[in-house]
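2 protein chains.
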Amino acid sequence: MSEIFIGIDLGGTNIKIGCFDSQLNLISKTAVATEADMGPEVVIDKMAQTVEKLLADSNLSPQDVVAAGIGTPGPAKYSEGIIIKSTNMPKFKNVPIRQMLSEKLGGKPVSFDNDANVACLGEYAVGAGKGVNNMVFFTLGTGIGGGIINDGKLVHGCGENAAELGHIIIYPDGRKCNCGQKGCVEAYASADSTARRATEAVEAGAQSSLKKVLDEKGKITSKDVYEHLAAGDELAKQITDGTAKALALTCINMLHITEPKRIVFAGGMIAAGDVLLNRIRDYFNEHIWTLKKETVQIVFATLGEDAGIIGAAALAKQAQP
Amino acid sequence: MSEIFIGIDLGGTNIKIGCFDSQLNLISKTAVATEADMGPEVVIDKMAQTVEKLLADSNLSPQDVVAAGIGTPGPAKYSEGIIIKSTNMPKFKNVPIRQMLSEKLGGKPVSFDNDANVACLGEYAVGAGKGVNNMVFFTLGTGIGGGIINDGKLVHGCGENAAELGHIIIYPDGRKCNCGQKGCVEAYASADSTARRATEAVEAGAQSSLKKVLDEKGKITSKDVYEHLAAGDELAKQITDGTAKALALTCINMLHITEPKRIVFAGGMIAAGDVLLNRIRDYFNEHIWTLKKETVQIVFATLGEDAGIIGAAALAKQAQP
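Protein chains in written order, with the working numbering: chain Z, 1 to 321; chain S, 1001 to 1321.
To be clear, the hints were calculated from the coordinates, so they are not data collected in a lab. Glycine included, every Cβ here is placed at the ideal spot set by N, Cα and C. The reader is advised that the hints may include incorrect statements.
Covered stretches of chain Z, as calculated for chain S (at least 3 residues, CB under 8 Å) [as the list claims (entries may be wrong)]:
no., segment
1, 168-174
2, 247-260
3, 278-285
The list that follows gives simulated cross-link-like pairs (lysine-lysine, DSS-like), each with its CA atoms no further than 27 Å apart [as the list claims (entries may be wrong)]:
no., chain 1, residue 1, chain 2, residue 2
4, S, K1130, Z, K77
5, Z, K176, S, K1130
6, Z, K153, S, K1093
7, S, K1130, Z, K85
8, S, K1237, Z, K153
9, Z, K153, S, K1261
10, S, K1293, Z, K77
11, Z, K182, S, K1182
12, S, K1182, Z, K261
13, Z, K182, Z, K223
14, S, K1077, Z, K130
15, Z, K182, S, K1261
16, Z, K293, S, K1261
17, S, K1153, Z, K261
With the hints as constraints, model all of the structure from the sequences given.
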């Protein structure tokens, strides 16, 4: 009999499901539309049916399953397995998803955590964080999410809202963040903020090849910034430097706080590649206490779009006694 | 037979030793000169003899001792029980203090951690942090030290240098810190930095009753700042505001990172009293994400100068299976 772990990435648009062996190697995966408007009962039914079909298609039996894990955006009471509400799934209110799915999976244990923590755990278990016990994780997307691994375990905090790393203030009284604070790292270094800083600079009259993009498309994306950076545009370089410095300062602070061995960046922004990574490392080494230089490895995530399902399977595995 | 825990606070000048019951109530305490120049063998011998005498004076037997704990400034390999070196005790180099003391205490288990972590654990166990599982601790002295309790345990990090909270950068490219970084919270809010900012302001010509202090004593201390604040001096108010804002920003960041339920300030600076505490709370509430207002309690430590021995006893107790 195989020992199988199921990883589920529940998003507003799609449910991604993966089937993993006990070493978290991917055996098979699939995705179905969430259809969140149908309500939690229907969605969770579909989730269980998709798990069964995936197992059957992989010549596995439901009895092979040890446990399942789910990652989804908050807010939620993770320890109780309840989605409190969801921006992308308005009908999900106080849904005891862990219990509901467990019942539909024949009583198999189900674990549950937020999407950033789950992706962090996936990178820790089998990705860029493999082999260390202390890690810090950032997702650089529309916003900035985070995760912290301390001695091999996710840090949840007193109210399960720890590791909201995008809202670390790096420039007091600086740029306004979506959260209402001023000077959060998210207000400088997320994909959205990077694009916005470029747009503002062009609108303020900065010389840049990005002006043509703004004129023609009506907006600048973070991808545009990297493409023009690669082509040698000076403004794109300045904007990327601002992103890198904000992230480097955040890395320095995290080193002094939880002292990770490795800091892992994930999300759309890492498509910028080595030019971003090297600038982060440069700023880090320039600003860090000399004694602590080279004590942390700053790297990019390696799991790509499967991080959600891998992490959810890792969550399920870690919850086993 | 009683269950006794011994707490030892090893400083460069004095060794403080306390004898505690299993609820960490202080039974008796004593202090002897460290005489660090005599070298580690002599110092540790004296430490063991002082423990024995303290037990005898308290009508207790060495057999009553369950375990002992030691707190001392770093750098050290705490998990291995070794003092690597010590600024205040130059003859202490690679001293396996945990093992040496254990042998002299008849093989009783000895625990060992740095002074800030130990004080943090003391406040957590029986002081201002009692009753919560997640806490952040700052000592505001010459520098700023820190400790983090996550789910009831100290956070040590990958190299046992976590929670160096004084070196969180709050003002990038700001005031130079002793560590070489710029803009650390220690460079604004330690007792020394508070005094230095006041001195600089007076020297730069600011109107203040502190000018007389500088002229007469040749220096301004943080205590002077508070006394003149209480007397209504405007510069003393501005300087204290700067200290409070720096600490509040650090609290905000810690809330987003490890999400403590309580943040505890200790050290000489808390003699400033409610005027400092209230300014920290005001700045915190002014700058924090609205959703997270009132989610953390910001308080002053309650154990005073016994924090070191209480924390060391708590360390010994927590290490028991």
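Could you tell me which of the hints above the structure violates, numbers in ascending order?
-> 3, 5, 6, 7, 8 and 16
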